[in-house]
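Asks: Note that UniProt numbering has the sequence shown beginning at 1, numbered continuously upward.
These are calculated hints, taken from the structure and not from any lab test.
Worth double-checking, as some hints may not be accurate.
Listed below are the simulated SDA-like cross-link pairs for lysine to any residue, each with C-alpha atoms no more than 25 Å apart in a straight line [what the hints assert, rightly or not]:
no., residue 1, residue 2
1, Lys129, Gln115
2, Lys35, Gln17
3, Lys129, Asp178
4, Lys35, Ala24
5, Lys7, Ala24
6, Lys129, Cys88
7, Lys129, Gln77
8, Lys129, Ser105
9, Lys129, Ser156
10, Lys35, Arg55
Okay, the calculated beta carbon distance ranges per label pair [to be verified]:
no., residue 1, residue 2, range
11, Asp126, Gly49, 47 to 55 Å
12, Gln115, Arg45, 54 to 62 Å
13, Pro171, Pro94, 32 to 40 Å
14, Val58, Gln115, 49 to 57 Å
15, Leu169, Gly149, 49 to 57 Å
16, Val81, Glu120, 44 to 52 Å
17, Ser41, Gly164, 51 to 59 Å
18, Arg18, Gly49, 15 to 23 Å
19, Val8, Arg55, 30 to 38 Å
20, Pro171, Ala48, 32 to 40 Å
21, Cys88, Gly68, 21 to 29 Å
22, Ala151, Glu34, 47 to 55 Å
23, Arg23, Arg43, 24 to 32 Å
Glycine included, each C-beta is placed from N, C-alpha and C at the ideal position.
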Amino acid sequence: MATEDTKVEIDYSTLIQRLDEARAVIENAQVSPEKRREVLSTRARALAGSREEVRPEVLTVLVFQVGGERYAVPIEQVDHVLESRGLCALPGAPRHVMGALVSRSRVVPVLDLRQLLGLEGGGMSDLAKVVVVDVAGDAFGIAAEMVDGRAELLRSTLSQPPPGPFLYLTPDRLTVLDVIQLGLPSAERRG
């Protein structure tokens, strides 16, 4: 290892000779402008092709549980999720309407899927969360026992569900709900 006291001698004549040799190699290896464009174009196509990522089509959903079953709604229709505390009863409302909550300065009716779909289930205290969905500016909530979170479903694995307010069914029995059909008044839903 060289220290400050030792001097390293540089052989300038050898260095100049090596630079002259490198310059000669570069000058002799000149490529025509057409060949250069062809090579660069081929490289550009190869690089562009390697960056193209084939991504399968997916449906992003929010998954939750009601009555021991797993359901989901398309994520673009989810406004937010909140606790079911503060749910007020609505006298004279249909059985599938549990009540209403005030959320973000608006009154949001909350649906009970157990009543709507004829599911077995526990009591009111089991429904701890409300998934608030927005359809064309109209919001309503779906009562849930638990929210599992966001999931991406491969569209190629989705199948047609049984009749009802459903969009898709997955191989593991996750049912994607048709939020638009759920939000229709019951007279329109039957018709």
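Asks: Look at each hint and say if it fits the structure.
Replies: Hints, one by one, checked against the model:
no. : hint                          : result
1   : Lys129 <-> Gln115             : holds, 16 Å
2   : Lys35 <-> Gln17               : violated, 30 Å
3   : Lys129 <-> Asp178             : holds, 19 Å
4   : Lys35 <-> Ala24               : holds, 20 Å
5   : Lys7 <-> Ala24                : violated, 32 Å
6   : Lys129 <-> Cys88              : holds, 14 Å
7   : Lys129 <-> Gln77              : holds, 17 Å
8   : Lys129 <-> Ser105             : holds, 18 Å
9   : Lys129 <-> Ser156             : violated, 30 Å
10  : Lys35 <-> Arg55               : violated, 35 Å
11  : Asp126 <-> Gly49: 47 to 55 Å  : holds, 53 Å
12  : Gln115 <-> Arg45: 54 to 62 Å  : holds, 60 Å
13  : Pro171 <-> Pro94: 32 to 40 Å  : holds, 33 Å
14  : Val58 <-> Gln115: 49 to 57 Å  : violated, 32 Å
15  : Leu169 <-> Gly149: 49 to 57 Å : violated, 20 Å
16  : Val81 <-> Glu120: 44 to 52 Å  : violated, 24 Å
17  : Ser41 <-> Gly164: 51 to 59 Å  : holds, 56 Å
18  : Arg18 <-> Gly49: 15 to 23 Å   : violated, 39 Å
19  : Val8 <-> Arg55: 30 to 38 Å    : violated, 56 Å
20  : Pro171 <-> Ala48: 32 to 40 Å  : holds, 36 Å
21  : Cys88 <-> Gly68: 21 to 29 Å   : holds, 27 Å
22  : Ala151 <-> Glu34: 47 to 55 Å  : holds, 53 Å
23  : Arg23 <-> Arg43: 24 to 32 Å   : holds, 25 Å
The structure fails to meet hints 2, 5, 9, 10, 14, 15, 16, 18, 19 from the earlier list, while all remaining hints are met.
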